[in-house]
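Take the given structure of chain A and dock chain B to it, following the hints.
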Amino acid sequence: MITKKALPRRTFLKGMGVAVGLPVLDAMSPAFASSKVPGKAPVRMAFVYVPNGIDMRHWNPDYEGKLAELPRILKPLEPFKQDLTLLGNLTHNNGRALLDGPGDHGRCCGAYLTGIQPKKTMFDIKAGISCDQIVANHIGKETRFPSLEVGMEDARQAGDCDSGYSCAYTNNLAWRSESQPLPPILDPRALFERLFGNGVALSPEARARQGRYRRSIIDFVTEDTRKLQAGLGPTDKRKLDEYLSSIREIELQLQKAEKDNAQIDPGMEKPYGVPADFAEHFKLMTSMITVAFQADLTRVLTFLVTREGTSRAYRELGIADGHHPLTHHRNDPAMMEKVAQINTYHMVQFAAWMEKLKSIKEGDASLLDNAMIVYGAGLSDGNRHTHEDLPTLIAGRAGSFFKTGRRIVYRKETPMSNLFLTMMDRMGAHAEHFGDSTGRVEGLHLG
Amino acid sequence: MDGNLLHTIPVETKPSKLVYFNPYSEAEMRLYLPEGDHVFRAGFINDDFVKDLTEKDAYSDRKNKFLNMITFVGPFPAKVEKASRKKILICDPAAGPGCVEKILSTLARRAYRRPVSRGEVASLVRFVNLAKSEGQSVEQGLQLAVQAMLVSPHFLFRVERDPDPNDPSRVHRISEIELASRLSYFLWSSIPDDELQGLAEAGKLRAPGQLERQLKRMLADPRSAALAENFAGQWLEIRNLDTVKPDPQKFPEWGPELRDAMKTETRMFFETLLRENRPIEEFLDASFTFLNERLARHYGIDGVSGPDFRRVDLNTSQRGGILTHASVLTVSSYPTRTSPVIRGKFVLENLLGTPPPPPPPDVPALDEQAVGSSGSLRQQLEKHRSNAMCASCHNKMDALGFGLENYNAIGKWRDTDGKYAVDSSGTLPGGKSFSTPAELRALLKQDLPEFARCVTEKLLIYSLGRGLERYDRRTMDEISRKLAASGYRFQSLIHEIVYSLPFQSRRGEASKSQSVAKPKETARR
Numbered sequence: 001m002i003t004k005k006a007l008p009r010r011t012f013l014k015g016m017g018v019a020v021g022l023p024v025l026d027a028m029s030p031a032f033a034s035s036k037v038p039g040k041a042p043v044r045m046a047f048v049y050v051p052n053g054i055d056m057r058h059w060n061p062d063y064e065g066k067l068a069e070l071p072r073i074l075k076p077l078e079p080f081k082q083d084l085t086l087l088g089n090l091t092h093n094n095g096r097a098l099l100d101g102p103g104d105h106g107r108c109c110g111a112y113l114t115g116i117q118p119k120k121t122m123f124d125i126k127a128g129i130s131c132d133q134i135v136a137n138h139i140g141k142e143t144r145f146p147s148l149e150v151g152m153e154d155a156r157q158a159g160d161c162d163s164g165y166s167c168a169y170t171n172n173l174a175w176r177s178e179s180q181p182l183p184p185i186l187d188p189r190a191l192f193e194r195l196f197g198n199g200v201a202l203s204p205e206a207r208a209r210q211g212r213y214r215r216s217i218i219d220f221v222t223e224d225t226r227k228l229q230a231g232l233g234p235t236d237k238r239k240l241d242e243y244l245s246s247i248r249e250i251e252l253q254l255q256k257a258e259k260d261n262a263q264i265d266p267g268m269e270k271p272y273g274v275p276a277d278f279a280e281h282f283k284l285m286t287s288m289i290t291v292a293f294q295a296d297l298t299r300v301l302t303f304l305v306t307r308e309g310t311s312r313a314y315r316e317l318g319i320a321d322g323h324h325p326l327t328h329h330r331n332d333p334a335m336m337e338k339v340a341q342i343n344t345y346h347m348v349q350f351a352a353w354m355e356k357l358k359s360i361k362e363g364d365a366s367l368l369d370n371a372m373i374v375y376g377a378g379l380s381d382g383n384r385h386t387h388e389d390l391p392t393l394i395a396g397r398a399g400s401f402f403k404t405g406r407r408i409v410y411r412k413e414t415p416m417s418n419l420f421l422t423m424m425d426r427m428g429a430h431a432e433h434f435g436d437s438t439g440r441v442e443g444l445h446l447g
Numbered sequence: 448m449d450g451n452l453l454h455t456i457p458v459e460t461k462p463s464k465l466v467y468f469n470p471y472s473e474a475e476m477r478l479y480l481p482e483g484d485h486v487f488r489a490g491f492i493n494d495d496f497v498k499d500l501t502e503k504d505a506y507s508d509r510k511n512k513f514l515n516m517i518t519f520v521g522p523f524p525a526k527v528e529k530a531s532r533k534k535i536l537i538c539d540p541a542a543g544p545g546c547v548e549k550i551l552s553t554l555a556r557r558a559y560r561r562p563v564s565r566g567e568v569a570s571l572v573r574f575v576n577l578a579k580s581e582g583q584s585v586e587q588g589l590q591l592a593v594q595a596m597l598v599s600p601h602f603l604f605r606v607e608r609d610p611d612p613n614d615p616s617r618v619h620r621i622s623e624i625e626l627a628s629r630l631s632y633f634l635w636s637s638i639p640d641d642e643l644q645g646l647a648e649a650g651k652l653r654a655p656g657q658l659e660r661q662l663k664r665m666l667a668d669p670r671s672a673a674l675a676e677n678f679a680g681q682w683l684e685i686r687n688l689d690t691v692k693p694d695p696q697k698f699p700e701w702g703p704e705l706r707d708a709m710k711t712e713t714r715m716f717f718e719t720l721l722r723e724n725r726p727i728e729e730f731l732d733a734s735f736t737f738l739n740e741r742l743a744r745h746y747g748i749d750g751v752s753g754p755d756f757r758r759v760d761l762n763t764s765q766r767g768g769i770l771t772h773a774s775v776l777t778v779s780s781y782p783t784r785t786s787p788v789i790r791g792k793f794v795l796e797n798l799l800g801t802p803p804p805p806p807p808p809d810v811p812a813l814d815e816q817a818v819g820s821s822g823s824l825r826q827q828l829e830k831h832r833s834n835a836m837c838a839s840c841h842n843k844m845d846a847l848g849f850g851l852e853n854y855n856a857i858g859k860w861r862d863t864d865g866k867y868a869v870d871s872s873g874t875l876p877g878g879k880s881f882s883t884p885a886e887l888r889a890l891l892k893q894d895l896p897e898f899a900r901c902v903t904e905k906l907l908i909y910s911l912g913r914g915l916e917r918y919d920r921r922t923m924d925e926i927s928r929k930l931a932a933s934g935y936r937f938q939s940l941i942h943e944i945v946y947s948l949p950f951q952s953r954r955g956e957a958s959k960s961q962s963v964a965k966p967k968e969t970a971r972r
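From first to last, the protein sequence lines are chains A and B.
Quick note, the first sequence lines up with residues 1 to 447 if you use the working numbering.
Quick note, the second sequence lines up with residues 448 to 972 if you use the working numbering.
None of these hints come from the bench; they were simulated from the model.
The structure presented is a predicted model; accordingly, all values stated were derived computationally and were not measured.
The beta-carbon is built from N, C-alpha and C at its ideal position, and this holds for glycine as well.
It is possible that part of the hints are untrue.
Said to hold, decoys possible - If the Cβ cut is set under 8 Å, some of the chain A residues that face chain B in the computed set are:
hint: 1; residue: 102
hint: 2; residue: 123
hint: 3; residue: 164
hint: 4; residue: 209
hint: 5; residue: 213
hint: 6; residue: 217
hint: 7; residue: 224
hint: 8; residue: 228
hint: 9; residue: 233
hint: 10; residue: 316
hint: 11; residue: 320
hint: 12; residue: 363
hint: 13; residue: 365
hint: 14; residue: 366
To be verified - List time: in silico BS3-like cross-link candidates among lysine-lysine, alpha-carbon distance up to 30 Å:
hint: 15; chain 1: B; residue 1: 549; chain 2: B; residue 2: 526
hint: 16; chain 1: B; residue 1: 579; chain 2: B; residue 2: 533
hint: 17; chain 1: A; residue 1: 227; chain 2: B; residue 2: 549
hint: 18; chain 1: B; residue 1: 579; chain 2: A; residue 2: 227
hint: 19; chain 1: B; residue 1: 692; chain 2: A; residue 2: 283
hint: 20; chain 1: B; residue 1: 905; chain 2: A; residue 2: 119
hint: 21; chain 1: B; residue 1: 533; chain 2: A; residue 2: 237
Here chain A stands alone, though its shape is the one from the complex:
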């Protein structure tokens, strides 16, 4: 038996039965050159989605216009009030039943970024290309990763997740095509490896060689796939098409890496895995996203905090009941209180991330100023499964573009798709329509 002193103390976690501890990570020291973005900083677009609706009593202020006293759930955002736009009455009509029967959780999440009513099925899933992916298609070539999909909840279930709706609808936000959802990365370690490589520093020569090797593999796979496609039926052809398009994405990343061979130093150790603690997990994921934004590795993000319809129990808050059963509170005050606590807890984590983004300077502005981050849910009242007046806020000015610090209440039943179409404009992905859009939303811009 040898007593070893070298093991880092800080890897110790509280409590028993934890096999792998996690270092207490803090600041992301921006070790890489911030000159990566000369001149005007790019605009970043992100969607942060929370499930099971939100207790709207504690979300909607009783006034419009300039933000004053914030309701309980929004309170953690108090320091960033001037960076917020709170939007009322945005609706996803395609989240509603529209003769398709029950399954509001499956439908609202599938419709959220696609604006399309998802097909009620467990097998041949179909929604629509999501607005983040439309933007990624337009501007993705500028960055190493056209988009980033991140989540926090292990979602390996397959099959029926809500009354006949495939789990693909509740476990994903981004849709590459109408049949191809992009699963979020859940493990901080996997996210680290995707963004920054395996953490081993290589010489420029070795990196260049690695690039040539990868290219040769991509050529090989592309040729194999093309040859294989001949003589297949339509479904198999489509599967291989999807495979080809994911290969092509890697190819594009390689091309970009060839031009810009610099290795990003994330300023943190490679995480060990998924932390048991929710806040820790959230912090790790957003720390890495922040670096990815800062280093302009990507400009488009979707973040599915937990999967729609989740029954996660928030032990962190001393709440033993699952989130979803709690939202069916039937106006029981004790249950409603717990839901409000969960909603607020999510916001506390989000606020910590906002603080981080605001602290990062980009010229005269902050990273937050140059972002537009939608925080919202696919349901408003989780008890009654309502699809109107969805809780929606935007953090950031989208690069001196939004007039913030206000609450705007639109006409009832204004399609959420109108907001997304407006945001697509801002990102340079102009389109006539998106989902069930009827136009653009007014009043967001300065002047």
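The following block gives chain B in isolation, referenced to the frame of chain A:
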């Protein structure tokens, strides 16, 4: 490791029983581990000291020494050649291009699960030449070629060819090579082994008696454990044990050890029914199960000691069959309490194949949370069912769930729920009634044909990797009939599926009309 004791470190207490441990002492051991996944456990054995401590003191670093965490560091450079490396380098690549070709064609044949062409081998050899031109070794080139193979669509997809890919009216028998892959992925969740692939390549897999022999061999092979892991894991929702979070206040005994024991019981039970070709009726009720000390304690069964699992004959009516497995009872509960509704739904959906229709829109979920304050859960549910709209489905669902109310939310037996005595009697629609879980199981056994059909459907979906369609009905009927004739033996079910028309054949697929097939990217100009 994997149930074997690797190493012990003595920890002494002072005679005064006063301990002055450094709470942060760290012990290190070097382990030489075989490749693969392993389960590690660490703990105090023969720990007499702790039995005099209160639970609080047991985890106080002033009163006791306890295990805080284990960190694995490594792997360190191996001193012996890895077995996997030896398997790849079947000859000395330095000997020349002949050996490189041999290595790559052998690997590609395994990875693609079919014979490979000279052209395919040549395109892999190019990677070795590329590495050499970069000034790297032949072995590094082989590594690159293996990487390429593993992302090739021939490895990642199971390729099955149709003579007329766009004509759904022409059904054809799949090739023996395709059949070999279907078999191995169904039973082993992996690639065919040499014997299976060799037979298929030689065109002998469908020779008289051969398929039967292969089935027997494959089921007896340890690799068929994958069927328990993957099929049973999904069918009985055992996989969800990894994500459920029973309330630690109400269920302090919940933890990884108990959770893993629950998984193991169900996995071994499933494997035994499969390997011993037992009647599938035993899923519903059986006179044996698999326990280790931890789980036996949970069940209140004496005489089982140690961490190893063993077959235990049950002489209690409290346990028997999967509905009494703590795994199933836990995944069909809420974190804080049982849910007769979820359990009833579980039985209808996974055992009887008659899933209840989803609740009508705008009916809020049952207020199970208020239970305890104003009467037992059962009373609350009864009230709910006085609503005619709810009653139509809940009558059956809830009754089945009531029959399991003697098991708490982590599957432990109980006679009372809080201050209320458990009433596990019920009447199923149709008038059959029961008063204990054992009687409920006896009733369910009367529905054996329905249960068999349900398992058949799920297993057929699993084996084909697709949902069933209207035209599969005839296959279902046929399998059901033959299965009944066999006395509902588990291997007969596997046999009938493997010999069934959808498993043995495929057909083309009609091209959808342009307007449907075209992605609706409305937002793109």
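query: Hints broken by the structure, by number, lowest first?
result: Violated: hints 10, 12, 13, 14, 21.
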